[in-house]
Amino acid sequence: MKEGKEARGLSLSTISVQREREREREREREREREQPKGGRKPIQCRAAICRRPGEPLQIEEVEVAPPKAWEVRIKIICTSLCFSDVTFWKMKDPPAIFPRILGDEAVGVVESVGENVKELKEGDTVIPTLVTECQDCRDCNSKKSNKCSKFPFKISPSMPRDGTTCFTDSKGEVIYHFIHVSSFSEYTVVDVANLTKIDPSIPPNRACLIGCGISTGVGAAWKTANVEAGSSVAIFGLGAIGLAVAEGARLRGATKIIGVDLNPNKFEIGKKFGVTDFVNPSDCGNKPIHEVIAEMTDGGADYCFECVGLASVVSQAFASCRKGWGKTIVVGVDKPGSQLTFSSYEVLHFGKTIMGSMFGDIKPKTDIPILVKSYLDKELQLDEFVTHEVQFEDINKAFDLLLAEKSIRCVIWMDKQIPFPI
Amino acid sequence: MDKETQTNPSDTTGKPIRCKAAICKNPEEALVIEEIEVAPPQAWEVRIKILCTSLCHSDVTFWKMQKPFGIFPTIFGHEAVGVVESVGEFVEEVKKGDIVVPVFLANCEDCKDCKSEKSNICSKIPFSVNPGMPRSGSSRFRDSNGDVINHFLFVSSFSEYTVVDIIHLVKITEPIPVDKACLLSCGISTGVGAATKIAKVEKGSTVAIFGLGAVGLAVAVGARMSGASKIIGVDLNPEKAKIAKKFGITDFVNPKDCGEKPIGEVIAEMTEGGADYCFECIGLANVMADAFSSCRPGWGKTVILGVEVHGAPISVNSLEILRGKSIAGSLFGGIKAKSDIPRLAKMYLDKEIQLDEFITHEVGFDDINKAFDLLLQGKSLRCLIWMDR
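If you read the protein sequences in the order shown, they are chains A and B. Using the numbering used here, the first residue of the first sequence is number 1, and each one after it goes up by one. Using the numbering used here, the first residue of the second sequence is number 1001, and each one after it goes up by one.
I should point out that these hints are in silico values taken from the structure, not numbers from a laboratory. Owing to the predicted nature of the structure, the values given are computational and were not obtained by experimental measurement. A few of these clues could be false.
[What the hints assert, rightly or not] Distance condition first, Cα-Cα at most 27 Å in a straight line; then the derived DSSO-like pairs of lysine-lysine:
| no. | chain 1 | residue 1 | chain 2 | residue 2 |
| --- | --- | --- | --- | --- |
| 1 | B | K1197 | A | K223 |
| 2 | B | K1118 | A | K323 |
| 3 | B | K1203 | A | K150 |
| 4 | A | K143 | B | K1112 |
| 5 | B | K1200 | A | K143 |
| 6 | B | K1115 | A | K256 |
| 7 | A | K92 | A | K171 |
| 8 | A | K256 | B | K1118 |
| 9 | A | K144 | B | K1203 |
| 10 | B | K1118 | B | K1346 |
| 11 | B | K1200 | A | K144 |
| 12 | B | K1197 | B | K1118 |
| 13 | A | K121 | A | K41 |
| 14 | A | K256 | B | K1112 |
| 15 | A | K144 | B | K1118 |
| 16 | A | K271 | A | K223 |
| 17 | B | K1261 | A | K154 |
| 18 | B | K1115 | A | K323 |
| 19 | A | K323 | B | K1197 |
[Said to hold, decoys possible] Chain A stretches covered by chain B per the calculated footprint, using a threshold of three residues with CB under 8 Å from any CB of chain B:
| no. | region |
| --- | --- |
| 20 | 132-145 |
| 21 | 315-326 |
| 22 | 330-337 |
| 23 | 347-361 |
A virtual CB, placed ideally from N, CA and C, is assigned to each residue, including glycine.
Construct the entire structure; sequences and hints are all you get.
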């Protein structure tokens, strides 16, 4: 770090990143002293393993293989719990698989790279993402799609290119990956196509959020819906995703952002993210939600976002959008095989559109740096998303808090020291 | 073209007109040509002498509809061209002698929707299937017993004279032949509009059209004009393959010939994973689902144009929506009548779109029921009905 910057004074979290990196370099030098040069060895480290559905994660020692061609081994600085982790933690049937290292929202530092990896080197700060960007296929080359066709999205238990795994437990048994990330581990191996290099000056407990939830929500508003100034927006479900949609809509100049949630506490929280009006369906009596929203918005919202993951809520969102140009954006994921049902009469006669948003239509390598910069320029607000912070040993607390609807994002620090903000 | 000569123009202004109309008295019955009385136009209304009209499938849909949803007796017809005979109070946009095209979808040019590029659903007089005039709800038609005959879609063109609200009228000043102007009143405009305004087909796109009636073929015309590289037509009627080429269809698929293979797979093989744009031009929920499955993940858009009358919902897999497919619907293909129809007329005159090939049959008013037979048998695209023959 340059002297000049230090003289200006840095936030404690940034200082911790510097210290972390110094410590990492020291450990690296230790490892090199132990290892012969010219070959990377497996790393022994701690990981939180999910062995049975719905049971607390167990922190155990694992071995993380060195990166092969196109792979990168990264040291996770911090990670955060996302509802997708909870979904696959609870799930008993495929695509759930056990034992598994969950975690898809994180920030880390490159420890070593495999062959053919040109865009990253040791020491780079990176965000791994569940969405792949090979930058080579028709979809990656098109502005219209973030759905890489070379590595199509699936709830993968292994590495994308060859289907191998990189984790083994103390008995030598395979532990499965989680959607190409697996961040609930001190070290993980990620394909270069799932990694985005970022500006290291963003505090890690903000950077990790961009790995999944924030990108999904902000992207849904910016890219999928393309919310314009003066719009009215209705958001069904004020979890982290819904609140991120609100933040994205607020930044675009939406004038009315209606939050719909069964939990009355969400309104106070919602206001911090730009929610202007709150509707609790339990307080609407017999009046259907779409009528309530129509009254608040001159006939219906310009954009309705479903951020819960229930086909029935998608129908409500669809009914709540304005005739003529209303768009319904499906962000939440219902269980596999679920069907969305729409009245074709309404689609035709009311001119409504239905679209889905996967990862907010964000192309990781192009768009994540934009989100990072937006935060550093103090436009995109991320601080309020982090409601709790725990150490790695207490990772199960993050699950408890999310299930009890007490947290938005709980950040999990891998290292012993949690830096506290001033 | 010749204007209709009136021997005594001043005779009819302000008075009821006695004329012939084709009345449907009961669902699915042949229309009966009878003398009726057409009241003079009230405020905001215009009485028109119909020159020619054409049969659109939406007429057939409501002709078949059983009571209580179907309303009878009704004068059907909503695709037409006429001459203004007289105008009611406040009408300044058109005058006696003007050529006008009536449309089922209002365009007041004043409300939020009309002023927005994003919508063509006029909120001043929203679309509805109404048996009377839009502002008053009353009928201008009486039969020889003095009983009310119902209007249809605010047009009712199967009559020598009809009364239409100015909000449903487009003045035609372009030198387009009247029979071609008639076609722009509904079906062809819907198809061309859907391709250019709703889907916004761009050069090099791949398109799949489900249902090769006049609307589907008009989508093909719009897609071809926009530079689509592949326009796949899907229809159960093998005869359609022959005529479809004239309208720009590059490949024809008959689902009956696909065996066990789902249509979505067939289209995916032809288009490297799915068509960029799929159009449903029939009005059946299961075909809408087929269209949706045929569009490309990532950016594929499905446009619904068909009117589903059984109340069956569209059902799609939620994961497919998350994979980047979208569904949009539109009445009248996004067309704002007063601005877009004159534009389409000019495009026809500039030979950018074709209309002539849509006219497959022509009959005189007395043979209007033949038009129904031809359409129901799948033998016609557009059968013109000339009022004066």
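Comparing the hints with the structure gives:
Restraint check: the Cα-Cα separation between K1197 (chain B) and K223 (chain A) comes to about 21 Å, which is no more than 27 Å; the hinted pair holds. Among the hinted pairs, K1118 (chain B) with K323 (chain A) is consistent with the structure: their alpha-carbon atoms are about 11 Å apart, no more than 27 Å. Annotation: proposed proximity of K1203 (chain B) to K150 (chain A) holds, straight-line Cα distance about 25 Å (limit 27 Å). Between K143 (chain A) and K1112 (chain B) the alpha-carbon distance is near 31 Å, which puts this suggested pair outside the 27 Å criterion.
As the CA atoms of K1200 (chain B) and K143 (chain A) are separated by approximately 16 Å, the hinted pair is consistent with the 27 Å bound. Restraint check for K1115 (chain B) and K256 (chain A): the C-alpha separation of about 21 Å stays at or below 27 Å, so the hint holds. This hinted pair checks out: K92 (chain A) and K171 (chain A) have alpha carbons roughly 24 Å apart, not beyond 27 Å. Annotation: proposed proximity of K256 (chain A) to K1118 (chain B) holds, straight-line Cα distance about 19 Å (limit 27 Å).
Simply put, K144 (chain A) and K1203 (chain B) have alpha-carbon atoms about 15 Å apart, close enough for the 27 Å limit, and the pair holds. With a C-alpha separation of about 23 Å, the suggested pairing of K1118 (chain B) with K1346 (chain B) holds against the 27 Å cut-off. In summary, the hint linking K1200 (chain B) to K144 (chain A) is supported, as the alpha carbons are separated by about 14 Å, within the 27 Å threshold. The straight-line distance between the Cα atoms of K1197 (chain B) and K1118 (chain B) is roughly 9 Å, inside the 27 Å bound, and the hint therefore holds.
Distance check on the hinted pair: K121 (chain A) and K41 (chain A) sit about 17 Å apart at the alpha-carbon level, within 27 Å; holds. Only pairs whose Cα atoms come within 27 Å are accepted, and K256 (chain A) paired with K1112 (chain B) is accepted, the gap being roughly 18 Å. This hinted pair checks out: K144 (chain A) and K1118 (chain B) have alpha carbons roughly 20 Å apart, not beyond 27 Å. Among the hinted pairs, K271 (chain A) with K223 (chain A) is consistent with the structure: their alpha-carbon atoms are about 23 Å apart, no more than 27 Å.
Note on K1261 (chain B) and K154 (chain A): the hinted pairing holds, with a Cα-Cα distance of about 24 Å set against a maximum of 27 Å. Proximity of K1115 (chain B) to K323 (chain A) is assessed by CA-CA distance (about 14 Å); at most 27 Å being required, the pair is judged to hold. A hinted pair counts as satisfied when its Cα atoms are at most 27 Å apart, and K323 (chain A) with K1197 (chain B) qualifies at roughly 17 Å. Given a C-beta distance limit of less than 8 Å, the hint that chain B covers the region 132-145 of chain A holds, as 5 residues qualify and 3 suffice.
For the region 315-326 of chain A, the stated coverage by chain B is satisfied: 3 residues place a CB nearer than 8 Å to a CB of that chain, which reaches the threshold of 3. Interface restraint, the region 330-337 of chain A with chain B: holds (5 residues with C-beta to C-beta distance below 8 Å; minimum three). Requiring three or more residues with a Cβ within less than 8 Å of a Cβ of chain B, the coverage given for the region 347-361 of chain A holds, as 13 such residues are present.
Going through the hint list in order, the structure does not satisfy hint 4, though it satisfies all others.
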